[in-house]
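Participant: Protein chains in written order, with our numbering: chain A, 1 to 295; chain B, 296 to 590; chain C, 591 to 885; chain D, 886 to 1180.
Keep in mind that the hints were calculated from the coordinates and are not lab data. Yeah, the Cβ is synthetic: ideal placement off N, Cα and C, and Gly gets one too. A portion of the hints provided could be inaccurate.
[As the list claims (entries may be wrong)] Calculated lysine to any residue pairs in the SDA-like style (CA-CA distance at most 25 Å, straight line):
| id | chain 1 | residue 1 | chain 2 | residue 2 |
| --- | --- | --- | --- | --- |
| 1 | B | K585 | A | E38 |
| 2 | C | K687 | A | K290 |
| 3 | D | K982 | B | A303 |
| 4 | D | K985 | D | R1159 |
| 5 | C | K690 | A | M263 |
| 6 | C | K687 | A | L260 |
| 7 | D | K985 | B | K509 |
| 8 | D | K1175 | D | T963 |
| 9 | D | K982 | B | V552 |
| 10 | D | K964 | A | R222 |
| 11 | A | K214 | B | I481 |
| 12 | A | K97 | C | K687 |
| 13 | A | K290 | B | R557 |
| 14 | B | K509 | B | A464 |
| 15 | B | K395 | B | K509 |
[Unchecked claim] With beta-carbon atoms standing in for the labels, derived distance ranges:
| id | chain 1 | residue 1 | chain 2 | residue 2 | range |
| --- | --- | --- | --- | --- | --- |
| 16 | D | T940 | A | K214 | 25 to 35 Å |
| 17 | D | R896 | B | R545 | 20 to 30 Å |
| 18 | D | N1174 | A | G141 | 37 to 47 Å |
| 19 | D | C1037 | C | M774 | 54 to 64 Å |
| 20 | A | R250 | D | R1106 | 34 to 44 Å |
| 21 | B | P491 | D | R1051 | 55 to 65 Å |
| 22 | D | V1142 | C | A598 | 55 to 65 Å |
| 23 | B | H318 | C | E660 | 22 to 32 Å |
| 24 | C | D728 | A | R54 | 55 to 65 Å |
One-letter residues, chain by chain:
Number of protein chains: 4
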Amino acid sequence: MATSVQAAQHRLVDRGRLLVSCHDRPGLIAAVSRFLAEHGANIVDSDQHSTGSRTNLFFMRVEFDLPDLEARLTDLQTKFASVAALFAMEWRMALAKYPKRLAIFVSREEHCLLELLWQQRAGDLYAEVAVVVSNHEDLRGMVEALGVPFECVLVTPDAKAEAEARQQAILKGRADVVVLARYMQILSHDFISEWPNRIINIHHSFLPAFVGAKPYDQAYRRGVKLIGATAHYVTEELDAGPIIEQDVARVDHRQGVDDLRRMGRHIERIVLARAVAWHAEDRILVHGNKTVVFA
Amino acid sequence: MATSVQAAQHRLVDRGRLLVSCHDRPGLIAAVSRFLAEHGANIVDSDQHSTGSRTNLFFMRVEFDLPDLEARLTDLQTKFASVAALFAMEWRMALAKYPKRLAIFVSREEHCLLELLWQQRAGDLYAEVAVVVSNHEDLRGMVEALGVPFECVLVTPDAKAEAEARQQAILKGRADVVVLARYMQILSHDFISEWPNRIINIHHSFLPAFVGAKPYDQAYRRGVKLIGATAHYVTEELDAGPIIEQDVARVDHRQGVDDLRRMGRHIERIVLARAVAWHAEDRILVHGNKTVVFA
Amino acid sequence: MATSVQAAQHRLVDRGRLLVSCHDRPGLIAAVSRFLAEHGANIVDSDQHSTGSRTNLFFMRVEFDLPDLEARLTDLQTKFASVAALFAMEWRMALAKYPKRLAIFVSREEHCLLELLWQQRAGDLYAEVAVVVSNHEDLRGMVEALGVPFECVLVTPDAKAEAEARQQAILKGRADVVVLARYMQILSHDFISEWPNRIINIHHSFLPAFVGAKPYDQAYRRGVKLIGATAHYVTEELDAGPIIEQDVARVDHRQGVDDLRRMGRHIERIVLARAVAWHAEDRILVHGNKTVVFA
Amino acid sequence: MATSVQAAQHRLVDRGRLLVSCHDRPGLIAAVSRFLAEHGANIVDSDQHSTGSRTNLFFMRVEFDLPDLEARLTDLQTKFASVAALFAMEWRMALAKYPKRLAIFVSREEHCLLELLWQQRAGDLYAEVAVVVSNHEDLRGMVEALGVPFECVLVTPDAKAEAEARQQAILKGRADVVVLARYMQILSHDFISEWPNRIINIHHSFLPAFVGAKPYDQAYRRGVKLIGATAHYVTEELDAGPIIEQDVARVDHRQGVDDLRRMGRHIERIVLARAVAWHAEDRILVHGNKTVVFA
């Protein structure tokens, strides 16, 4: 709730985050950390990853505190640009205190949506729920009771483009990331290309097992002993985008398909909530079809 | 080792196991338990499972103690046959004290083989390792040092049938179950059909994800956040037989393919050892392509 | 929500549950299953446990379907009493269709309460939330918005007996089980003795580690690598009652006390929800200070 | 075996490790990374941790590659000393290619010892087993068959000091770390003080639950639903040293004390092997009674 977000904002008031991707070369960490030290920043957390000799990519995430950061940010960015240029870095530097704004898409099943709303409320998820968008009216009452805007956009096969245009209008200037919290419509390539690595979906299986529809039915028929869920960024190929997080639970012969669905709901909401929190805290870097998660 | 097996044999001296599969009908449990009570058996453990209304199958496993069981077994089986006939049961009743005889097939990687040998030695796996069969000589010294017979049967593409004939000759009258403990040859349909639901394989992925060759390479490329292993009965369709057990371990961006292989070795040996122990204790019933495991 | 409970009630309309505890003797399972078969019941699920030679106790739980069970229950109970007498059984036979009525006690932290309300709403927890009782007003709005009665009973050191009298009056005839969902007051021995094995508490540690106050602070100071939660029945000795369920999550040096609390909230709500569901489905038998959970 | 260790040595030929502890101050990471960059080192892996405002401690572990490191190490250490002096660092810089030399102490139970020997053999544990020391002769044959020296030192209550003197003589100049792999004797304070943070013990419970003798009996009596194991550095207070790693497994009412012991063996060997591997790779820093593990 407001209070938790305010408490976190206070703690994060002078906190900055710097994310870097580039080809690996000696001296990268030294260059970044020297730059920050010289400008008076104290590194609070720092993570690096090199993919090693073949692909030879370097990823870095630094959290730092710097007095009066907000006022100095533009200047700092300008100066860091020349360091970045030496190493041909892709990078971004941002204030931590402004929570990411989520647009949560949902159909009829409420469990993933509720988990996000509750974690946000409890201060466990540092983000703002800007709007909930659904293709059904079912969850309006519940969402609005929590003081969160709810928009219903019906989606019909004939008028999908119009529906997506309305959705885009709702999101415009209002959301930083789209979360598909059991949203049962497939987004068009056009929609997806507007939000590169900024649409998070929860798939109700341990991908790449059971791609496509009715994964719990598939899992039941195959007789697996673990069921899972996968949170991933949405790309044009269905269920094939970069995986952010996965988890599983143990099942046995006693569980029918309905039991798998019920147990699956618990895994889905936990896995999606983790993925959204990591995105909200700028902990995820994407390269090719994979993620580096500095959790 | 001998001592542990002997201790277990002593404990199991009058222990019997009864396994039943049939269509579900009222009175099944009553009929079985009454039969056992009337013949002086004490039920030590009893498990049932019904698949419910559609398929309506019934499975039951009972462990019981009955004084002087070995002498009375044939008579008991004859008498139970008439109870079984009333319900059209498939069933078997066996002495628990005779350990199952394992034939372990292995290629060059020792970890799964060692886990089985060690667990057997420690008394954690109640079974006898009748023979280790390999298509390489590499592990002979290690196996024979533990007092276990080792047979090397080279397998070449041109002479696969001859090789399998030699393997079958080695197994004949000597083994109750074949364990493929990282055996990298594909068995022929003829071989498989000789050992229905009695060949256990360990596949180094969370099936049905990553069927076929090099699953850890596949997992690495897909960027999964969990890797797994699957123990299953071998059927004619590759990697598609009834799953007995699965487990997973968490990985992240820092692990390369070699790390996945190393971590995978731990999951593989644990999963295979569990599956073999359950088989050895008659805890697994197969129906269609699925297992009921009364663990 | 109503719909889920109604659907479950329909499925459970003729479902009965029989729970039995006694000294182990041959013929027990036969006697129970024969009785049920002779009266036309079909056993849907059956679990037994014997503690073995020293203590030699026997526990059994049977779910069965019997047409028109509600009308026939009293008669069936009367007849079963003579079977039970032969074996000196403690037993109870009940209709499954009537959901257990929960009284949830809570102080200020909402996470455990919310999990129970949401699972009940989703149909994952087959129970009725009769009333929420708190020693603070904080959660009234949230609870009443979900249509659940909320009673605030202030508890002061000087007037604890009066407060408990008011609580007992609220519960009288209205609740079957008391759930302490992060209720930060210690109940008196008198209160506890009124609800034997019917008060479930969630303790925020892996008991018996970190008994008493501030377990996350204790865990942080000790530097454990896993934190946990424990659901148990409340007895007169603090944090020492029969354990129903426990779970843990992995932590490392990066987590401070606040992080442990935040992560702990997730474990607490999952562990408590499992324990309450098992109690609601009559899956728990208590002997001495331990539980048999037929999950 | 030799081959795996040689392969790892080749890979690690120019690899160095630098470990640093000090009070946190701005510029620490910059100073260390600049020093390494200026001397031509490439940082392969880098981890930091700050304990935050109250205790304000800083820990850092860097793995780096530097051509011809072995020849240049002394010079590099001398030069780094002046950087370290500026920040009052405790530090050490070492060659990664020389495996740590383990002295494994064991009594009669072989499972933890075997796991370490096998992992070392498989190349999963980069270390050398210098000697196995036991107070019994039981495991001599098995150890010597693997080509590992075995020393039996009987320990009697009357002659404990003499026994420890013999043990110390065996270890002198030959071992870097002592691993108590189910060694059932308590070491004296004198012995412990000779090996500060270099004796690793496996305790067969989830500490701090069930300190002392017979933890599985204690766990059984308490009716816990998870059992665990804890690897920790040995300090003068029994079972109270800094925890390195812990893990648990699920149990239920069906398991007796013997089952807990059997299941516990699997957890013990996995937990101990992880702890020893982390120590062998210089991944553990100790402060007060806690560990920072850069795993």
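Participant: Take the hints in turn and mark each one as holding or not.
Facilitator: Against the structure, the hints:
no., hint, in the structure
1, B:K585 - A:E38, "violated, 64 Å"
2, C:K687 - A:K290, "violated, 49 Å"
3, D:K982 - B:A303, "violated, 46 Å"
4, D:K985 - D:R1159, "holds, 15 Å"
5, C:K690 - A:M263, "holds, 21 Å"
6, C:K687 - A:L260, "holds, 22 Å"
7, D:K985 - B:K509, "violated, 33 Å"
8, D:K1175 - D:T963, "violated, 30 Å"
9, D:K982 - B:V552, "holds, 22 Å"
10, D:K964 - A:R222, "violated, 62 Å"
11, A:K214 - B:I481, "violated, 32 Å"
12, A:K97 - C:K687, "violated, 51 Å"
13, A:K290 - B:R557, "holds, 21 Å"
14, B:K509 - B:A464, "violated, 31 Å"
15, B:K395 - B:K509, "violated, 32 Å"
16, D:T940 - A:K214: 25 to 35 Å, "violated, 53 Å"
17, D:R896 - B:R545: 20 to 30 Å, "holds, 25 Å"
18, D:N1174 - A:G141: 37 to 47 Å, "violated, 52 Å"
19, D:C1037 - C:M774: 54 to 64 Å, "holds, 56 Å"
20, A:R250 - D:R1106: 34 to 44 Å, "violated, 27 Å"
21, B:P491 - D:R1051: 55 to 65 Å, "holds, 59 Å"
22, D:V1142 - C:A598: 55 to 65 Å, "violated, 39 Å"
23, B:H318 - C:E660: 22 to 32 Å, "holds, 29 Å"
24, C:D728 - A:R54: 55 to 65 Å, "holds, 56 Å"
Hint violations for this structure: numbers 1, 2, 3, 7, 8, 10, 11, 12, 14, 15, 16, 18, 20 and 22, all remaining hints satisfied.
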